[in-house]
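Participant: Chain by chain, the residues run as shown.
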Amino acid sequence: GESVGLHLPTLSVQEGDNSIINCAYSNSASDYFIWYKQESGKGPQFIIDIRSNMDKRQGQRVTVLLNKTVKHLSLQIAATQPGDSAVYFCAENTGSGNTPLVFGKGTRLSVIA
Amino acid sequence: EAGVAQSPRYKIIEKRQSVAFWCNPISGHATLYWYQQILGQGPKLLIQFQNNGVVDDSQLPKDRFSAERLKGVDSTLKIQPAKLEDSAVYLCASSYSLDEKLFFGSGTQLSVL
Numbered sequence: 001g002e003s004v005g006l007h008l009p010t011l012s013v014q015e016g017d018n019s020i021i022n023c024a025y026s027n028s029a030s031d032y033f034i035w036y037k038q039e040s041g042k043g044p045q046f047i048i049d050i051r052s053n054m055d056k057r058q059g060q061r062v063t064v065l066l067n068k069t070v071k072h073l074s075l076q077i078a079a080t081q082p083g084d085s086a087v088y089f090c091a092e093n094t095g096s097g098n099t100p101l102v103f104g105k106g107t108r109l110s111v112i113a
Numbered sequence: 001e002a003g004v005a006q007s008p009r010y011k012i013i014e015k016r017q018s019v020a021f022w023c024n025p026i027s028g029h030a031t032l033y034w035y036q037q038i039l040g041q042g043p044k045l046l047i048q049f050q051n052n053g054v055v056d057d058s059q060l061p062k063d064r065f066s067a068e069r070l071k072g073v074d075s076t077l078k079i080q081p082a083k084l085e086d087s088a089v090y091l092c093a094s095s096y097s098l099d100e101k102l103f104f105g106s107g108t109q110l111s112v113l
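Protein chains in written order, with this note's numbering: chain G, 1 to 113; chain W, 1 to 113.
Mixed in with the good hints there might be a few duds.
[To be verified] Heads up, simulated BS3-like pairs for lysine-lysine below, C-alpha to C-alpha not over 27 Å straight-line: (1) 44/W x 83/W; (2) 105/G x 78/W; (3) 44/W x 71/G; (4) 11/W x 105/G; (5) 42/G x 105/G; (6) 68/G x 11/W; (7) 101/W x 105/G; (8) 42/G x 15/W; (9) 71/G x 101/W; (10) 83/W x 62/W; (11) 56/G x 101/W; (12) 68/G x 44/W; (13) 44/W x 11/W; (14) 44/W x 101/W; (15) 83/W x 105/G; (16) 62/W x 44/W; (17) 62/W x 15/W; (18) 78/W x 68/G; (19) 105/G x 44/W; (20) 105/G x 62/W; (21) 44/W x 42/G; (22) 78/W x 62/W; (23) 105/G x 56/G; (24) 11/W x 42/G; (25) 71/W x 11/W; (26) 56/G x 78/W; (27) 71/W x 44/W; (28) 68/G x 101/W.
I should point out that these hints are in silico values taken from the structure, not numbers from a laboratory.
For clarity, every value in this text was computed on a predicted model and none was experimentally measured.
With the rest of the complex left out, here is chain G (with noise of 0.2 Å):
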């Protein structure tokens, strides 16, 4: 089965406020991860990724968390805007060189303006 996970299928928040997004994997051997967003009839679109010898990755609005230990994975959104609605995706992969990503069910995102 999919070793990728999320805690929470939906979430909403407030135009303005921070998101956060949970992901859970259960392969200790993955040592790459994507956040993907994809909107409403739309491929994923990449947003930001991390390797296993980093814990924190920032971007433009766009925070990345990783927790090796308990193989936990963040998205952090600031200053929610209405175009971020979606649905955020994680994915890893065990960086061998040959191993695809392995996607989670994903989490939708709205944005109440």
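Assemble the complex: chain G is given as a structure, and chain W must be docked to it using the hints.
Facilitator: The following block gives chain W in isolation, referenced to the frame of chain G:
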């Protein structure tokens, strides 16, 4: 830079018919992937190519699905014969190399009646 191109955008067929999807990856990307995304789920890998060779096709239902990437660029995915449970979005993705982030096309939405 052009993204991953896929066609057709939508396809409706009856069960037991055949269907083919086409993908043109980002120029210079050696690795190409086909994913199946059933409504409400995360993408699931069907097949992965490195140039024109297959890296992973362990989850491809080979009795009905086939894929090729003859010249190491464009790829086609075929289903013959289609079943009702094949209704899904078929996503093509590419990456510069193995163990790099994937860039997705918009997908082909297949409905099997």
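Participant: When you check the alpha-carbon spacing of residue 44/W and residue 83/W, does it fall within 27 Å?
Facilitator: holds, 17 Å
Participant: Holds or violated: residue 56/G and residue 78/W, Cα atoms, limit 27 Å.
Facilitator: violated, 41 Å
Participant: Against the 27 Å threshold, does the CA-CA distance of residue 105/G and residue 78/W hold or violate the hint?
Facilitator: Measuring from Cα to Cα gives roughly 25 Å; hence the hint holds.
Participant: Is residue 83/W close enough to residue 62/W, meaning Cα to Cα at most 27 Å?
Facilitator: Distance of about 13 Å is within 27 Å: holds.
Participant: Can you confirm whether the C-alpha distance between residue 71/W and residue 11/W stays at or below 27 Å?
Facilitator: The hint holds at about 26 Å.
Participant: Are residue 56/G and residue 101/W close enough, with their CA atoms no more than 27 Å apart?
Facilitator: holds, 17 Å
Participant: Mind checking the alpha carbons of residue 68/G and residue 11/W for me, to see if they're no more than 27 Å apart?
Facilitator: Violated, at about 42 Å.
Participant: Check the hint pairing residue 71/G with residue 101/W against an upper bound of 27 Å on the C-alpha distance.
Facilitator: OK: residue 71/G and residue 101/W at ~20 Å, within 27 Å.
Participant: Decide if the proposed pair is consistent with the structure: residue 44/W and residue 11/W, CA atoms, cutoff 27 Å inclusive.
Facilitator: holds, 20 Å
Participant: Please verify whether residue 44/W and residue 42/G have alpha carbons no more than 27 Å apart.
Facilitator: Roughly 16 Å between the alpha carbons, so the hint for residue 44/W and residue 42/G holds.
Participant: Is the hinted pair residue 105/G and residue 62/W satisfied, with a Cα-Cα distance of at most 27 Å?
Facilitator: OK: residue 105/G and residue 62/W at ~25 Å, within 27 Å.
Participant: Holds or violated: residue 68/G with residue 101/W, Cα cutoff 27 Å?
Facilitator: holds, 20 Å
When held up to the earlier numbered hints, the structure conflicts with 6, 18, 26 and fits the remainder.
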